[in-house]
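Produce the entire structure from the sequences given, and follow the hints as far as they go.
Read off the chains here:
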Amino acid sequence: MYGTVYDMIDVTGLGKRFGDTPALHSLDLHIPEGQVHGLLGPNGAGKTTLIRILTTLLRPTAGHATVAGFDVVRQAADVRRRIGLVGQHAAVDELLTGHQNLDMFARLSHLPRRTAAARAGELLERFGLADTGRKPVKDYSGGMRRRLDLAAGLILSPPVLFLDEPTTGLDPRSRDQVWSAIRDLAGQGSTILLTTQYLEEADRLATQISIIDGGRLVAAGTPAELKATIGGDRVEVVAASAADLPAVAGLLGPYAHIEEETRRVSAPAPDRVAALTGAVRGLAEAGIAAEDIGVRRPTLDEVFLRLTEAGK
Amino acid sequence: MRWALADGWTITRRDLRHWANQPGQIIVGLLFPVLIVLMFGYLFGGGMTVPGGGDYREFLMPGMFALTMVFGLETTFAAVSTDAARGVTDRFRSLPMASSAVVTGRAAADLLNSVLGLAVLIGCGLAVGWRAQDGPGRAALAIGLLLLLRFALLWLGIWLGLVAGSPDLLVAVQILVWPIGFLSSALVSPATMPGWLGAIAEWNPLSATATAARELFGNPGWGGDSWAAQHAIAMAVAWPVLIVAVFFPLSIRAFRRLGS
Chain A
35 MYGTVYDMID VTGLGKRFGD TPALHSLDLH IPEGQVHGLL GPNGAGKTTL
85 IRILTTLLRP TAGHATVAGF DVVRQAADVR RRIGLVGQHA AVDELLTGHQ
135 NLDMFARLSH LPRRTAAARA GELLERFGLA DTGRKPVKDY SGGMRRRLDL
185 AAGLILSPPV LFLDEPTTGL DPRSRDQVWS AIRDLAGQGS TILLTTQYLE
235 EADRLATQIS IIDGGRLVAA GTPAELKATI GGDRVEVVAA SAADLPAVAG
285 LLGPYAHIEE ETRRVSAPAP DRVAALTGAV RGLAEAGIAA EDIGVRRPTL
335 DEVFLRLTEA GK
Chain B
882 MRWALADGWT ITRRDLRHWA NQPGQIIVGL LFPVLIVLMF GYLFGGGMTV
932 PGGGDYREFL MPGMFALTMV FGLETTFAAV STDAARGVTD RFRSLPMASS
982 AVVTGRAAAD LLNSVLGLAV LIGCGLAVGW RAQDGPGRAA LAIGLLLLLR
1032 FALLWLGIWL GLVAGSPDLL VAVQILVWPI GFLSSALVSP ATMPGWLGAI
1082 AEWNPLSATA TAARELFGNP GWGGDSWAAQ HAIAMAVAWP VLIVAVFFPL
1132 SIRAFRRLGS
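In order, the protein sequences belong to chains A and B.
Residue 35 is where the first sequence starts when you use my numbering, and the numbers rise one by one after that.
Residue 882 is where the second sequence starts when you use my numbering, and the numbers rise one by one after that.
No wet-lab data here; the hints were simulated from the structure.
Using N, Cα and C, we set each Cβ at its ideal position, and we do this for glycine too.
Check the hints yourself; a few may be wrong.
[Stated by the list, open to error] Some but not every residue of chain B turned toward chain A, in silico, with C-beta under 10 Å:
hint, residue
1, Gln906
2, Arg938
3, Thr963
4, Ala966
5, Gly968
6, Val969
7, Thr970
8, Arg972
9, Ser975
10, Arg1134
11, Phe1136
12, Leu1139
[Stated by the list, open to error] Just a sample of chain B residues kept apart from chain A, beta carbon distances all over 12 Å, derived:
hint, residue
13, Ala901
14, Gly927
15, Gly928
16, Met929
17, Gly935
18, Met978
19, Pro1017
20, Ala1135
Below, the structure is given as structure tokens:
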């Protein structure tokens, strides 16, 4: 906690080793109430390990963490009353119906019997599963299972929600349904920690992003800030003829970079409009034909590849 | 404590709902031992002789009761390992429920399943001419010993399921149950086996319970004269107690280790 700003998730110096294998190194993370925080990293970066520690499933070997103000090791029971977890698998019972699943999890969350049944019905309705609520889950599609799993994570309307790769393996339509459900939750003020391998997902849903790799935090910021860290906008010209490449590079200034194979020349463009008009005018005056010209903002993919091992 | 019981019941009821949702599966599970009774009682039974003289089907039924308890190991293993692999166990562990309920609820559900299985098989036994000859008191004791064996194997099943972490090994468990079943006095007399094999069969926990059940039901036994055969009832208590003593703590440890 800092003054009046209350960190719903507060991680300090958190470390985890599995035997001799380190999974997390002295990680720090502070997520204020109501934030949707994207945790990005390649496979094996430690995302799931972090989620498992924060949801009390795994004990850390160093440092400490609090969720909603409660220590995840010493006050695990208090933490469990305030969180929802949606894991990588749809952790639901295949042989029960959707309604029976939610009813069971609600009873195990200690809701009274009638409240539990009512809450199950309400959540099925909200996730578009009301029609199939009486069918066994084994007959559900992947997207329906994931939505049921999401519903199961929301039984107690938890103030903090953990979503571990909620759309991995889903088709685009199911993914959109899960995304819109997450946006609704964010709109209601839930604090959400979302892990993903999909940069697009983090870009669309998260207001803050942390990138971890090899168990360490390698970058943090808003999506726009992260994109800016790798050099900001660039002006790009694709020349019609390879012979013109040196001339184009001359026009774009001393920091121009030539890619021979694609006949592409690019250079930093701190002022987007000036860089573009300058390039267009220069090309016209020199009589050089261009196939394409534009100013491009780096994508989160580039940030990701630049910062993580996956890109090296 | 109140929640431990209530949550345990919620987990047990989950299995009852499985049965209601998939009656086919439970019926097949219940009828499988009946099929074996018919196979051994009528197909192979003609070639079987009980050493002390006596009806083979009278000899067979207590052995089948005990063997059915051992089959229960597969049910426990499948349920525990599937929950672990699917993330259902993790979901339970992230809920504000009594964590003991995950195990106690499972135990109660599996025992109920076995009580049902035993009831069906006793009905089948009565239909093929088997009788409890020594009165209801000793018969109840025999049923108690059978369920004690099942209770002990619960902990072996829970431990194996948690350690395996996925139902991939289910087939291995199913296959392993057979040699354990055959290498006992459940279906045939160990006296007909080569000496060293017979000795293993006599000391098999399954044999202890089968022999004790024959004694208590007043059914013909195979009349072995080893210490284990002479003290079958004591062995039918000692083996399960030993199995619980080993695998109950191991199960609890395996459950705790999920968090490390």
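Next item on the list: Mind listing which of the numbered hints don't hold for this structure, in increasing order?
Entry: Hints 2, 10, 11, 13 and 18 are the ones this structure does not satisfy, whereas the remaining hints hold.
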